[in-house]
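Participant: One-letter residues, chain by chain:
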Amino acid sequence: MPAKSGSHRVARPASVRPERASTPPRRGTGFGGPPRTVVLLGSQRFDPSLGASVTKLRVEGRIALITAGWQERESEDEELSAHIGGNTINLRLHSRAEAVFRADPTFHAAHRERQELLRHKQDFYRIRLEHALEAARVIRQRAAPETIHEEEAASSIAALRELDARHLADCARLHREFEANWDVANRSAIAEQREEITEIMKDCDAVAIAGGHVATLVNRLSLFGIAPLMGGRIVFAWTAGAMAISDRVVLFHDDPPQGQGASEILDAGLGLVPGIVVLPQQEERIHLDRTDRIRIMARRFAPARCLALPARSRITWAPKRGTLRPPSVGTEGEVLPRASSGTLSSPDGVLELLEDGGHGLVGTSKEEL
Amino acid sequence: MKPRLAIDALIAGGADLSRTKAFLKNNTFPIVEGTSVTFVWFGHADAVHLRHWIFGLEVSNELVRVPHSDLFYLTLEIPPLSRVEYKFEIHRGGQSAWIEDPLNRNRARDPFGANSVLQSDGYEEPSWTRHDPFARPGTLEPLVFDSKALGGRRHGQIYLPARFRRTRQYPLLVVHDGSDYLKYAGMKTVLDNLIHRLEIPDLIVAFTDSPDRLREYANDEAHARFVTEELVPELTARFPLIDRPQGRCLMGASFGGVASFSTAHRYPGFWGRLLVQSGSFAFTDIGKRNRRGPLFDRVVEFVNSYRAEPIAVSERMFVSCGVYESLIYENRSLVPILDATGMQVRFVESRDGHNWENWRDRLREGLSWLFPGPLMFVYE
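As given, the protein sequences belong to chains G and L, one line each in that order. Each residue of the first sequence is one higher than the one before, starting from 8 at the first, in our numbering. Each residue of the second sequence is one higher than the one before, starting from 0 at the first, in our numbering.
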């Protein structure tokens with residue numbers, strides 16, 4: 008549900024049967040531990056389902072909105088707020104960042120420089136990725152005994168995983184150095200904003216993280232240290248929002264205008280929903296019939312599971328013995344409610360295409376790579 | 000067995016006046032039937048020729064008269080996805096004139112007038128070249144510039160994206176033959192649409208012109224200095240530009256392509272992106288004079304010297320050329336040399352000629368490759 012989207016305003020649904028969240032909602036809880044519940048949703052643009060999820064989990068307190076992914080349109084949240092009952096407050100992370108940059112130009116310059124370094128790293132990582140994928144393609148086309156092909160396919164995947172791991176490590180190092188050099192949390196302009204946000208969050212039972220520009224969103228969530236503030240609360244996140252709170256943000260598009268794209272890791276996410284790679288808007292971005300590409304993606308990111316989130320999909324994490332429980336894919340119930348499944352099999356992985364009702368696409372691999 | 004063509008059916012049944020009129024009414028022209036394309040002229044003439052701009056075919060093909068009628072036709076095999084610009088040459092009473100095809104409404108305009116356009120099987124005008132009411136329009140502002148390098152005042156236009164903000168930083172694209180790109184390649188509409196679709200980022204575009212392009216665009220030192228040492232600093236002072244090579248692109252077509260590439264060659268590393276369309280990269284393997292004549296002498300000298308000592312002049316270079324233009328030979332010859340320097344080079348061929356709509360149709364893949372938009376980053 009982006010600002011000024013074509014989606015129609017949807018009244019809070021009355022017919023949805025409320026259910027208990029894993030623990031009853033409490034107003035004004037502290038911030039320790041993981042979120043009480045995390046709900047990942049598909050696109051909210053044309054047929055929003057967030058309201059039904061809010062009702063289903065009986066959220067009665069205030070909901071903090073994060074629409075930083077909408078960038079300058081961050082404040083255009085009337086439609087979203089009305090859709091979930093109106094008891095909301097926007098954390099305004101994007102405009103707060105702009106205020107920080109204005110108040111602390113030295114930090115702003117350093118921030119820009121860090122972003123520039125990250126862009127360089129992303130660019131060079133992408134060049135290596137494209138060559139690694141091209142090598143894998145060429146090798147696949149060569150005539151060779153099947154056993155050799157299997158070994159080489161594993162080597163190709165290992166090369167991709169090595170590039171991914173190195174890129175993530177480089178990003179993490181740049182972030183660590185930046186934090187250490189600039190003492191981010193204690194700079195007065197940032198500390199003031201963080202205090203305000205903390206005060207707001209004390210009075211919120213839930214957080215709703217909208218999609219949009221995922222790099223901007225991850226950046227602002229990190230800048231203001233939002234992850235710990237979600238402890239004990241229900242978190243709703245969709246599209247880029249869902250990507251931002253996973254372990255790794257993977258950018259993907261099978262058919263960008265500049266030619267067939269390679270999926271690439273942007274950076275680490277907040278890690279609130281471990282063990283999955285979130286792939287929203289699958290309908291527009293992934294060709295399900297290109298099984299070679301999907302197979303590579305599934306094996307490349309294993310043991311994490313590649314989880315497509317088409318419109319109307321919903322996946323819920325509830326805590327189990329203090330940790331978040333990953334989805335039990337292919338079963339009925341909260342994770343993928345009312346799902347009927349068909350299965351696309353491949354020699355080295357299983358793609359479960361779950362249609363109807365809860366629908367999601369999960370690519371996973373049987374192999375430990 | 001190949002189905003009978005519409006023109007053959009007409010002739011077989013007798014091309015009397017009433018059947019001919021029905022034939023003209025019931026078909027769109029030229030008639031595209033698979034790869035067979037039938038050009039038709041109806042009217043008084045002594046002879047009719049098809050004049051087209053497909054390099055590799057005879058430049059003039061005579062249409063055949065249907066006996067005892069004023070109907071002329073010519074069937075050619077044209078590959079799918081082709082775009083061919085053409086005219087008819089009508090011979091009458093010892094005179095001849097080139098005219099657009101009155102039976103075909105498709106026209107392409109250029110600085111010399113207009114041509115009729117054949118769109119063969121499978122070709123569609125890209126949707127992103129047409130006005131999209133949902134795409135917020137950017138603005139065009141006049142650009143007036145006093146150039147010491149060129150010794151006079153230059154005019155052009157500056158495109159600012161719809162959501163232009165001074166707090167942001169933008170890539171800069173400098174376009175040679177800017178007015179023609181705006182007028183004949185619909186480039187403002189293309190920019191509005193590609194930005195709206197998130198396929199390219201918001202960017203600032205300087206559309207520049209030259210009063211003497213054949214001289215200034217042919218590897219001219221003063222022109223390169225104007226663009227690099229005068230225009231860019233001036234625009235950097237006026238607009239929030241990304242002041243590094245990755246944020247700067249030079250583009251142009253034909254001689255404008257030579258101007259882009261030769262300017263980057265004079266300032267290696269400064270222009271991080273190049274978009275060159277149907278570049279007039281004439282060269283010789285022996286001797287100094289190219290078959291294209293003296294206008295190309297300076298180009299030949301430049302391209303020969305580059306082929307002898309190729310260097311990376313930019314980071315990324317998008318090169319496109321139509322397979323129906325003679326320059327396809329020069330462009331195909333240049334690409335492996337560019338590639339070997341370590342530049343990232345993308346070369347795209349199209350079934351089209353040396354014309355503005357060919358260059359328009361390649362803008363999406365070129366610009367989005369040089370400046371990928373936020374599409375990969377935005378998930379809503």
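Please keep in mind that the hints were generated in silico from the structure rather than gathered at the bench. Note that the Cβ used here is the ideal one computed from N, Cα and C, for glycine as well. Be a bit skeptical, because a hint or two may be false.
Just some of the chain L residues that point at chain G, by a computed CB distance under 10 Å [as the list claims (entries may be wrong)]:
| # | residue |
| --- | --- |
| 1 | 22 |
| 2 | 165 |
| 3 | 238 |
| 4 | 240 |
| 5 | 243 |
| 6 | 365 |
Participant: Hint by hint, note whether the structure agrees.
Facilitator: Quick rundown of the hints versus the structure:
no. : hint : in the structure
1   : 22   : violated, 41 Å
2   : 165  : violated, 13 Å
3   : 238  : violated, 17 Å
4   : 240  : violated, 14 Å
5   : 243  : holds, 8 Å
6   : 365  : holds, 9 Å
This entry does not satisfy hints 1, 2, 3 and 4, going by the numbered hints stated previously.
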